[in-house]
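With the hints as constraints, model all of the structure from the sequences given.
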Amino acid sequence: MKRLMIAILLLSVLCAAGCGKAPQEESAAPPVTELPAEGIPQELPGVWTSADAGKLMMSETITFGEDGDLEVTGTYEGSDMGTIYGTYRVVGNTIFCDITGGAAPFQVSYAFRIDGRELTLTDDDGDATYLRTS
Numbered sequence: 007m008k009r010l011m012i013a014i015l016l017l018s019v020l021c022a023a024g025c026g027k028a029p030q031e032e033s034a035a036p037p038v039t040e041l042p043a044e045g046i047p048q049e050l051p052g053v054w055t056s057a058d059a060g061k062l063m064m065s066e067t068i069t070f071g072e073d074g075d076l077e078v079t080g081t082y083e084g085s086d087m088g089t090i091y092g093t094y095r096v097v098g099n100t101i102f103c104d105i106t107g108g109a110a111p112f113q114v115s116y117a118f119r120i121d122g123r124e125l126t127l128t129d130d131d132g133d134a135t136y137l138r139t140s
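Under the numbering used here, the residue at position 48 of the sequence shown is numbered 54, and the numbers go up by one with no gaps.
These are calculated hints, taken from the structure and not from any lab test. One or more hints might be untrue.
To be verified - Straight-line alpha carbon distances no greater than 20 Å define the calculated SDA-like cross-link-like pairs of lysine to any residue that follow:
#1 Lys61 <-> Thr81
#2 Lys61 <-> Thr79
#3 Lys61 <-> Asp86
#4 Lys61 <-> Thr126
#5 Lys61 <-> Glu83
#6 Lys61 <-> Tyr82
#7 Lys61 <-> Leu137
#8 Lys61 <-> Ala109
#9 Lys61 <-> Thr135
#10 Lys61 <-> Gly84
#11 Lys61 <-> Asp133
#12 Lys61 <-> Ser85
#13 Lys61 <-> Leu127
#14 Lys61 <-> Tyr91
#15 Lys61 <-> Gly80
#16 Lys61 <-> Ala134
#17 Lys61 <-> Gly132
What the hints assert, rightly or not - Computed beta-carbon distance windows for the label pairs:
#18 Lys61 <-> Val97: 29 to 35 Å
#19 Glu44 <-> Gly88: 28 to 34 Å
#20 Arg119 <-> Met87: 24 to 30 Å
#21 Gly80 <-> Gly45: 26 to 32 Å
#22 Asp104 <-> Val53: 18 to 24 Å
#23 Ser85 <-> Gly45: 35 to 41 Å
Bear in mind that the values here come from a model prediction, so they are computed numbers and not experimental data. C-beta atoms are modelled at their ideal positions from N, C-alpha and C, and glycine is treated no differently.
Right, dumping it as structure tokens:
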């Protein structure tokens with residue numbers, strides 16, 4: 007009788023564990039958290055150019071407008087590679103960019119810091135350094 011009772015208890019525990027919540031499917035893209043913009047730091051608006059073209063001889067010129075507009079022009083070995091447009095907002099030490107023109111729309115964010123005339127943008131690929139040109 008004792009063995010039958012233990013078997014019934016084990017069976018009910020296993021059944022109860024199997025009846026829990028179904029596992030949630032993971033989405034392919036991480037959720038985007040909408041945070042209100044905190045205002046644009048006064049030292050950010052202006053034109054910033056890649057500090058180093060690197061081995062690939064690629065550089066970018068980023069224009070952050072005072073009104074939240076954004077323009078990024080790419081140059082490869084001295085040739086214009088095109089321009090993308092969009093808007094940006096700042097929350098804490100993060101710049102959230104919404105690209106809406108010149109490419110398929112996408113969103114990207116970077117941690118940033120400004121030291122004098124040097125801007126450093128950081129993402130999963132590492133740091134990119136820009137120098138203020140205006």
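Now the hints, each set against the structure:
1. Lys61 <-> Thr81: Satisfied, since the Cα-Cα distance of roughly 13 Å is no more than 20 Å.
2. Lys61 <-> Thr79: This hinted pair holds, its Cα atoms lying about 18 Å apart.
3. Lys61 <-> Asp86: holds, 17 Å
4. Lys61 <-> Thr126: It holds: about 19 Å lies between the C-alpha atoms, which stays within 20 Å.
5. Lys61 <-> Glu83: Since the Cα atoms of Lys61 and Glu83 sit roughly 10 Å apart, the hinted pair holds (cutoff 20 Å).
6. Lys61 <-> Tyr82: Satisfied, since the Cα-Cα distance of roughly 11 Å is no more than 20 Å.
7. Lys61 <-> Leu137: Since the Cα atoms of Lys61 and Leu137 sit roughly 18 Å apart, the hinted pair holds (cutoff 20 Å).
8. Lys61 <-> Ala109: Measuring from Cα to Cα gives roughly 25 Å; hence the hint is violated.
9. Lys61 <-> Thr135: holds, 15 Å
10. Lys61 <-> Gly84: holds, 13 Å
11. Lys61 <-> Asp133: Given pair Lys61, Asp133 holds - Cα atoms ~15 Å apart, limit 20 Å.
12. Lys61 <-> Ser85: holds, 15 Å
13. Lys61 <-> Leu127: holds, 19 Å
14. Lys61 <-> Tyr91: The hint is violated at about 26 Å.
15. Lys61 <-> Gly80: It holds: about 15 Å lies between the C-alpha atoms, which stays within 20 Å.
16. Lys61 <-> Ala134: Holds, at roughly 14 Å.
17. Lys61 <-> Gly132: With a Cα-Cα distance of about 16 Å, the restraint between Lys61 and Gly132 holds, given a limit of 20 Å.
18. Lys61 <-> Val97: 29 to 35 Å: holds, 33 Å
19. Glu44 <-> Gly88: 28 to 34 Å: Given about 31 Å between the Cβ atoms, the range holds.
20. Arg119 <-> Met87: 24 to 30 Å: holds, 26 Å
21. Gly80 <-> Gly45: 26 to 32 Å: With Cβ atoms ~28 Å apart, the hint holds.
22. Asp104 <-> Val53: 18 to 24 Å: This hint holds: roughly 20 Å between Cβ atoms.
23. Ser85 <-> Gly45: 35 to 41 Å: This hint holds: roughly 37 Å between Cβ atoms.
Hint check: violations occur at hints 8, 14; the rest are consistent with the structure.
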